[in-house]
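S.K.: The whole structure should be built from the sequences, with the hints applied where relevant.
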Amino acid sequence: MLKEIKALIQKDLLLDWRQRFSLASVILYLACTIFIVVIATQSNNPGLWNAVFWIVVLFVSSNAVAKSFIQESDRQRIYYYTLANPIAVLTSKYIYNTLILFVLSMIAFGLLTFFTINPVRLNGLFFLTLFLGATGFSIVFTFTSSIASAASNRNTLLAILSFPLLLPMLFTLLKLSQQSLGLITDTSYETDILILVAIDLLLVGVSFLLFPYLWKD
Amino acid sequence: MIDGWYWKFIGVGLIIYSMIVGMLVPLKPSIELVAPSAAKTGQQINLEVTGYNTNYSGSASIRAWLKDEEGNAVLSKNVTVINAQNLVANFDIPGFLPSSDRVVPFTLILDHPVDGAMVSPDAVFITQDSISKVEGQTLWQKDIINDLTLNTAFTFPSMSLIRETIRNTFYHVPLWFAMVIIFGAAVYWSIKYLRNPQSYQYDNRAVGFTSVGILFGILGTVTGALWARFVWGSYWSWDIKQIVTAVALLIYMAYFILRNAIEDDDRKGRVAAVYNIFAFVALIPLIFVVPRMMDSLHPGNGGNPGLGANDLDNSMRMIFYPAIIGWIIIGLWLANVRYRLLDIKYNLMNK
Chain A
202 MLKEIKALIQ KDLLLDWRQR FSLASVILYL ACTIFIVVIA TQSNNPGLWN
252 AVFWIVVLFV SSNAVAKSFI QESDRQRIYY YTLANPIAVL TSKYIYNTLI
302 LFVLSMIAFG LLTFFTINPV RLNGLFFLTL FLGATGFSIV FTFTSSIASA
352 ASNRNTLLAI LSFPLLLPML FTLLKLSQQS LGLITDTSYE TDILILVAID
402 LLLVGVSFLL FPYLWKD
Chain B
288 MIDGWYWKFI GVGLIIYSMI VGMLVPLKPS IELVAPSAAK TGQQINLEVT
338 GYNTNYSGSA SIRAWLKDEE GNAVLSKNVT VINAQNLVAN FDIPGFLPSS
388 DRVVPFTLIL DHPVDGAMVS PDAVFITQDS ISKVEGQTLW QKDIINDLTL
438 NTAFTFPSMS LIRETIRNTF YHVPLWFAMV IIFGAAVYWS IKYLRNPQSY
488 QYDNRAVGFT SVGILFGILG TVTGALWARF VWGSYWSWDI KQIVTAVALL
538 IYMAYFILRN AIEDDDRKGR VAAVYNIFAF VALIPLIFVV PRMMDSLHPG
588 NGGNPGLGAN DLDNSMRMIF YPAIIGWIII GLWLANVRYR LLDIKYNLMN
638 K
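From first to last, the protein sequence lines stand for chains A and B. First residue of the first sequence? That's 202 in the working numbering, and the numbers climb one at a time after it. First residue of the second sequence? That's 288 in the working numbering, and the numbers climb one at a time after it.
Treat the hints as calculated values from the structure; they're not laboratory data. Just so it is clear, CB atoms sit at the ideal spot from N, CA and C, and this is done for glycine as well. Warning: the hint list may mix true and false statements.
Stated by the list, open to error - Pairwise CB distance ranges (calculated):
1) Leu395(A) / Pro484(B): 31 to 39 Å
2) Leu203(A) / Val299(B): 56 to 64 Å
3) Lys207(A) / Met540(B): 36 to 44 Å
4) Gly325(A) / Ala533(B): 28 to 36 Å
5) Met446(B) / Leu203(A): 55 to 63 Å
6) Ile571(B) / Ile228(A): 32 to 40 Å
7) Leu395(A) / Met446(B): 32 to 40 Å
8) Ala533(B) / Phe409(A): 28 to 36 Å
Said to hold, decoys possible - Derived pair list, reagent style DSBU-like, types lysine-lysine, alpha-carbon separation capped at 35 Å:
9) Lys528(B) / Lys555(B)
10) Lys555(B) / Lys204(A)
11) Lys295(B) / Lys632(B)
12) Lys420(B) / Lys364(B)
13) Lys207(A) / Lys555(B)
14) Lys417(A) / Lys479(B)
15) Lys417(A) / Lys555(B)
16) Lys268(A) / Lys555(B)
17) Lys268(A) / Lys479(B)
Claimed, not checked - Calculated from the model, a selection of chain B residues having no Cβ within reach of chain A, i.e. all distances over 10 Å:
18) Ala322
19) Ser346
20) Ser419
21) Asn433
22) Ser524
23) Ile549
24) Asn637
M.R.: Following this line, the structure appears as structure tokens:
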């Protein structure tokens, strides 16, 4: 199982390396969005920075993850499932997408800081929040993209299926991020971190239970 | 699922009972307004008390006290009744307060031989110029509030600001309870369908329950918004529970869009069932965890949500619980009609 996961992640890395332009297009999309948003807002307000940052990360994540299941053909997928355990396929996608999303949100942070200001006061907490955000987004987007891949007009469907599901996570992430920006002081932010981890575990567990029903045709 | 028709009568009966009794039972007599709200030590003050649902003129022996947090109290010299809703309580405020603070809030307590005791918390703020806690404690007495009358009539609690709108508890809150249970039932049938993909009826049941859940969610939001218009001042206040309901509705509307986006019937049912279960699990933190983390304008919130002792007293429970059961039964019935219709459609299409 672990070997399979490792091999699958390597396969995804290799595929993305060979098709560099597809990942590069996501990064370009990210840069364009940030550029537009910065020009449109023209503000150094940390509260606004926080909102803009998470909106950009959310939309870029949805675009980046959409590649994972939606852009694979049905036959390609069936082929993977015959080669490896489907759960291993799902797990590898979770891990790989978490990495990609973490890197993308770091790039978003770098670009936004470059163009505006760096309002982050608690660096450790902020990057932990980024990582937790990447994990949660990766789980929800990956699983809903595997749901959406069964239907037509997949990209719109991915957004309407996953954005409402992400809201509980987003509430907590925004709160933690505000904390790390020094916008609010909350002594019990460890609970928020635990809640995020608990939501992630819950969703991973349920998706493992449900995934076999999705891919069998 | 449930045979026979008797349960439908039970549901309708409970709803009618909750509507009639919930509307007709009066609120408990209480104090609406106390003026003036500030006084100084050594003064003689006339507190003008406006009551709600009271019958002050019906009794000659009304007593009034001012009391602080520790139970130090002073009895009013005399109480003059003006009419059923208004009276004037005359107090001699002693020269010192039993506290070392400059300004102390005092609670007004009225005892009416028929209406029972009424309390207006922090009704008067008394300012003292010279502070002496020891002398204050000799002037104010403990344990002089006695022989309070208990109002045994069947009434609902009368809370400031909320007042008559407390009756919304019987319509708005049960709809929300019923909605969660009905979405739960949809998950149950989704799981059943995943286990037996051949039985299209299970899929139809999940669809039926989900659509009724959406209906109840909309009704719950509307009844809540109407109530909020009067109590919070606007229909929508971005309260965390309002956001949660809106998100739940978005998620389940997406369920129907997903269904319509898949052409193959087998695949549609299976994928929709998977999404239904996944969505419910993602909703659980939203319904049960997030509202506890954030401040809400909802009664009983700002620390402990749910049904606190202040939100519900025994008289309200006697209508509230039947109303919950009633709405759940109505929901089952609606879903039942809906999925039977879907079954018939399916059979006609596949003949």
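S.K.: Next, verify each hint and record whether it holds.
M.R.: How the hints compare with the structure:
| no. | hint | in the structure |
| --- | --- | --- |
| 1 | Leu395(A) / Pro484(B): 31 to 39 Å | holds, 37 Å |
| 2 | Leu203(A) / Val299(B): 56 to 64 Å | holds, 59 Å |
| 3 | Lys207(A) / Met540(B): 36 to 44 Å | holds, 40 Å |
| 4 | Gly325(A) / Ala533(B): 28 to 36 Å | holds, 34 Å |
| 5 | Met446(B) / Leu203(A): 55 to 63 Å | holds, 60 Å |
| 6 | Ile571(B) / Ile228(A): 32 to 40 Å | holds, 35 Å |
| 7 | Leu395(A) / Met446(B): 32 to 40 Å | holds, 35 Å |
| 8 | Ala533(B) / Phe409(A): 28 to 36 Å | holds, 30 Å |
| 9 | Lys528(B) / Lys555(B) | holds, 31 Å |
| 10 | Lys555(B) / Lys204(A) | holds, 34 Å |
| 11 | Lys295(B) / Lys632(B) | holds, 24 Å |
| 12 | Lys420(B) / Lys364(B) | holds, 23 Å |
| 13 | Lys207(A) / Lys555(B) | holds, 33 Å |
| 14 | Lys417(A) / Lys479(B) | holds, 17 Å |
| 15 | Lys417(A) / Lys555(B) | holds, 13 Å |
| 16 | Lys268(A) / Lys555(B) | holds, 22 Å |
| 17 | Lys268(A) / Lys479(B) | holds, 32 Å |
| 18 | Ala322 | holds, 39 Å |
| 19 | Ser346 | holds, 51 Å |
| 20 | Ser419 | holds, 39 Å |
| 21 | Asn433 | holds, 44 Å |
| 22 | Ser524 | holds, 17 Å |
| 23 | Ile549 | violated, 5 Å |
| 24 | Asn637 | holds, 20 Å |
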